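Student: Protein chains in written order, with this note's numbering: chain L, -16 to 458; chain B, 160 to 633; chain R, 2 to 101.
In short, the hints are calculated from the structure, not lab data. Be careful, since some hints might not be right.
No more than 27 Å apart at the CA atoms, straight line, and that leaves these computed lysine-lysine pairs for DSSO-like [to be verified]: (1) 119/L with 497/B; (2) 190/L with 244/L; (3) 8/R with 415/B; (4) 41/R with 119/L; (5) 44/R with 415/B; (6) 223/L with 182/L; (7) 53/L with 429/B; (8) 95/L with 119/L; (9) 110/L with 190/L; (10) 620/B with 119/L; (11) 110/L with 24/R; (12) 603/B with 620/B; (13) 81/R with 419/B; (14) 410/B with 497/B; (15) 562/B with 8/R; (16) 363/L with 389/L; (17) 546/B with 81/R; (18) 546/B with 407/B; (19) 190/L with 169/L; (20) 217/B with 244/B; (21) 497/B with 24/R; (22) 620/B with 410/B; (23) 244/B with 603/B; (24) 321/L with 360/L; (25) 603/B with 429/B; (26) 209/B with 81/R; (27) 110/L with 204/L; (28) 53/L with 532/B; (29) 95/R with 244/L; (30) 24/R with 208/B; (31) 538/B with 44/R; (32) 95/R with 119/L; (33) 98/L with 220/L; (34) 69/R with 244/L.
Which chain R residues stay away from chain L? Per the calculated CB distances, all over 12 Å, these [unchecked claim]: (35) 25; (36) 58; (37) 62.
Computed from a prediction, not measured in an experiment: that's the story for all the values here. C-beta: ideal position from N, C-alpha, C; glycine also.
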Amino acid sequence: MIPTIGLEVHAQFNTRTKIFCSCALRFASPPNTLVCPVCLGLPGVLPVLNREVFRLGLRAVLALGGTPSKTIRFDRKNYYYPDLPKGYQISQFADPLGHGGFVEIAVGGKTKKVKLNRLHLEEDAGKLIHDQVPDKSLVDLNRAGTPLAEIVSEPDLDSAEEAYAYLVSLKAILKAIGVSDCDMEKGHLRCDANVSVRKNASDPLGKKVEVKNLNSFKAVKQAVQYEIQRQTEALEKGEKLFQETRLWDDARGRTHLMRSKEEAHDYRYFPEPDLVPFSVSQEDVERERAALPELPAAKKARFMKDYALSEYDAGLLTEEPKIAAFFEEAVRATTDAKTTANWFIGSIFAYLGAHNLNIDQTRLTAPLLADLLRLVKEGKVSLQAAKEKIFPEVAEKGTSPESVMKEKGLLQVSDDKALEGWIAQALDENPKVVADFKSGKETAAMFLVGRVMRKSQGKANPGKVQDMVRKALQA
Amino acid sequence: MNLSQKTAFELAESCRAGKCSSEDILKDLARAIEAKDSSIKAYVRFDAKKSLRRTVSKEAPLYGVPIAIKDNICVENEAITCGSKILQNFVSPYNATVIERLLDAGAVIFGRTNMDEFAFGSSCETSFYGPTRNPHDLGRVPGGSSGGSAACVAAQTAIAALGSDTGGSIRQPASLCGVVGIKPTYGRVSRYGLIAFASSLDQIGPLTRDVRDSALLLKVLAGGDPRDSTSANVPVPDYLSFLGKDIKGMKIGIPKEYFKKEGLSPAVEKAVRQEAAQVLEKQGARCEEVSLPHTAFAIGVYYIVAPSEASSNLARFDGVRFGWRHPSTGNLLELYEKTRGEGFGSEAKRRIILGTYSLSSGYYDAYYLRAMKVRTRIKQDFDEVFKKVNVILTPTSPTPAFKLGEKATNPLEMYLSDIYTISANLAGIPAISVPCGAEVRDGKSLPIGLQFMAKPFDEGKLFQIAHAFEGTRI
Amino acid sequence: MVHIDLKQVARLARLHLTEAEMKLLEPQLGQILSFVESLKEVKVEGVEPTSHPLSLSNVFREDQPHVKAVEPERIQAFIKNSPASRGSFFEVPKIIEDKS
């Protein structure tokens, strides 16, 4: 069976205000406080397009390699729901902002350009709360009118892994170009998946099933996996599949039928008469093209080349623009790309993940990181102490690694004289072990190293101790 | 003299000179309303003690002048009903842009006038609050949908009023009540705060006793508005400066298609085509026959485009955030269907169904899309004619005021009475209705109105010719 | 005469219609739509549809928030207009069916 997947992603623009009114965008505000007559859909109000939404949308089209339309229009998508104040959503149907383009993904060592169908602008709906009052649903319209880009891929993805990789890449691009913050927890990125399967590549595409309610990348992966399996099993049993809409149940890990094709909505799209058409000029295109930063794919390639990083490491370091920028600054300070990369992929990512922070929410700076790496390189602190004891302090408080080292007494003793003294004592006290070594028992050396470390109360530089113990034994 | 009989222009001057105050005017209006409005019912709400105004300089063009407002234009902290049950208890939390402009111009906002529900109608009979009657014959309609505004200006229970015009809703009642009404160019006046009927056709305009007041008010109302994307930033000339200019050499087109109609009253035809044309020619204008070949299709286009937009515009009246909600609603679908089913009157439902159908899957191309294309044809007709003439002269309505209930049972017949006014909305051009005579029916003298139409943003020319014509009648 | 599936259209428009209303509406709408059929006589090949009578384009607002924050009284005015509210939420019957 051959699965075919297409994704529809809604990305929230990071503008200051809503798409058609001057209400501010703020997450987790008290209900119905970021509203005005326009986004409440009161009688008599009219929408006016936020210029920044147009600009950022255009930038996204260009970053995704799409073609901006010459003239764009808005349409009304009519349906009734309490979170949709006007009884229609202002969206784009016939003349979207952009057509085509692609997102490059890498799965299993192979790269692939996933084709895009279109990108259009639209307004978000409000929020419904179902579990606060028995028998009632409550409506909060703070989110109504939030500007969204809907990015529709072609049915060009072959697996759940590809779907996941697509989302990762798309998110990286949108973040890099400053169009969306892509904060999943704040619902900045939402996704619907269209999944079908067919027996042979020569068959026409199977019946398209739309899966909704995918609130995380993981959910997308699991839901797509589940749907492929469900549809494959059904076909293998000789059952018929139908074009339908299904809902992902994250807790149960399965989809269930929401609406059949017959129940599908008739949205009665027509041109929004309250808005005028918008022409996209050559100046607009050139201005936004000039505003495009280096895109994640190009950055990744450059990191691989300039810093001799593996594709995997380069990918991780370029997913988030702030990380990538920090990394480059750090490399300039440390002049050691490989070690710096290891620090990011090991300690820094772990720290950010554990504390749920962005890099710019820590006190870490490139010079501080360089100082820390220098302490390790010069043998003043052990790598373990640097990672576990010093780094968290630096990241949290911005204290210099040196002072943390001193304060916590982590300075390693690398001084030859001190080490020689402890080694001489250890050898003197353990003549039997020295004899064992000389008769060929290699592990005896490790015992002596342990003794030296104990004598130094753990402060001796273990690498150096090892070398010197061996030298002393062989002398 | 009773102040309620004066014009806005005169009253602003009197107030400025300290000869009277807006309180004096309101007192006289209150008396007039008490005497007449119980039979005419032009007002849905009126409170002489509660009027809205701002402190402005004496130079303000409408200094102290009370203006009545059609009940589909939002006034902050005031109830607004659109003549519908579904807006019961709704209080607008904001001002329409035109209200802001009136207040800044020194006007006093008072009294809300009756209208067909959501402006759906040509008779003012579909209001949830009952019909308004024509002051010239209480057995007849004042026209619609701005019937209340036309009736109170005609009955001298208002000095001037705002109306809205989607297919003739200012001009037709102005004609039937014997007052002046102008529908400005689409985009000339902000629609922000006008409860939308058909967004691509709606315009707000004044209903006044004479052309000078019309020019005075439009000057205040007109101009681009950042809150309305469809309003135009075209400079607003001083319309009063067009008054008194002679019309020598002005070319007037008389479209032959407008006089072919069965149902056109011979008295109306005579008053417009012969008498008015003659009067204008006497003043040096030249009349010539022109052709607007797609005239016959205007009503068909209108009754697809307007209900389609209306069906979507009226979706927000769902009983969730404002207005009336049906008391027994078990689930969401019932909440919607019962609230809307009982909150809207029959004409509103008829148009919502018609519009929903025209936009629905499988019919869009045949109805809505085709109508929009024919609309282009109609617009092109006007573009052609305005290459040859300055203004177009037509009747405003095929007949004088008809009787209450006469057309209420046959919606199509009611729709056909909009024949002369609809095209201006479809083409977006300005048009003014001016009284031009009377026809006696059942012993009552009923006003007849004529309509002048001009190129987009050429309202000045309309005032020029309308004023010249008016001068020959007084 | 053009026939309309009134029940379906009424559902789409979320309008409850009584039997009597439907009986009245059906022929009226048929009559109106039959009248509209005349539009088919007009040649429209290659004609652009007019969705706006004016040829305005590119009307924007800047990305600036309201000068003043929305005052609590104003929010109360919004909520007070609702036929059913709870706290500062609008309230509707519990929604069981899933959305769009």
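Student: Does each hint hold? Answer for all of them.
Tutor: Cross-check of the supplied hints:
no.: 1; hint: 119/L with 497/B; verdict: 18 Å, holds
no.: 2; hint: 190/L with 244/L; verdict: 11 Å, holds
no.: 3; hint: 8/R with 415/B; verdict: 43 Å, violated
no.: 4; hint: 41/R with 119/L; verdict: 49 Å, violated
no.: 5; hint: 44/R with 415/B; verdict: 21 Å, holds
no.: 6; hint: 223/L with 182/L; verdict: 13 Å, holds
no.: 7; hint: 53/L with 429/B; verdict: 52 Å, violated
no.: 8; hint: 95/L with 119/L; verdict: 48 Å, violated
no.: 9; hint: 110/L with 190/L; verdict: 31 Å, violated
no.: 10; hint: 620/B with 119/L; verdict: 59 Å, violated
no.: 11; hint: 110/L with 24/R; verdict: 39 Å, violated
no.: 12; hint: 603/B with 620/B; verdict: 33 Å, violated
no.: 13; hint: 81/R with 419/B; verdict: 54 Å, violated
no.: 14; hint: 410/B with 497/B; verdict: 55 Å, violated
no.: 15; hint: 562/B with 8/R; verdict: 34 Å, violated
no.: 16; hint: 363/L with 389/L; verdict: 10 Å, holds
no.: 17; hint: 546/B with 81/R; verdict: 54 Å, violated
no.: 18; hint: 546/B with 407/B; verdict: 18 Å, holds
no.: 19; hint: 190/L with 169/L; verdict: 33 Å, violated
no.: 20; hint: 217/B with 244/B; verdict: 40 Å, violated
no.: 21; hint: 497/B with 24/R; verdict: 18 Å, holds
no.: 22; hint: 620/B with 410/B; verdict: 11 Å, holds
no.: 23; hint: 244/B with 603/B; verdict: 34 Å, violated
no.: 24; hint: 321/L with 360/L; verdict: 13 Å, holds
no.: 25; hint: 603/B with 429/B; verdict: 19 Å, holds
no.: 26; hint: 209/B with 81/R; verdict: 22 Å, holds
no.: 27; hint: 110/L with 204/L; verdict: 25 Å, holds
no.: 28; hint: 53/L with 532/B; verdict: 21 Å, holds
no.: 29; hint: 95/R with 244/L; verdict: 25 Å, holds
no.: 30; hint: 24/R with 208/B; verdict: 47 Å, violated
no.: 31; hint: 538/B with 44/R; verdict: 14 Å, holds
no.: 32; hint: 95/R with 119/L; verdict: 4 Å, holds
no.: 33; hint: 98/L with 220/L; verdict: 32 Å, violated
no.: 34; hint: 69/R with 244/L; verdict: 47 Å, violated
no.: 35; hint: 25; verdict: 24 Å, holds
no.: 36; hint: 58; verdict: 5 Å, violated
no.: 37; hint: 62; verdict: 4 Å, violated
In this structure, the earlier hints numbered 3, 4, 7, 8, 9, 10, 11, 12, 13, 14, 15, 17, 19, 20, 23, 30, 33, 34, 36 and 37 are contradicted, and the remaining ones agree with it.
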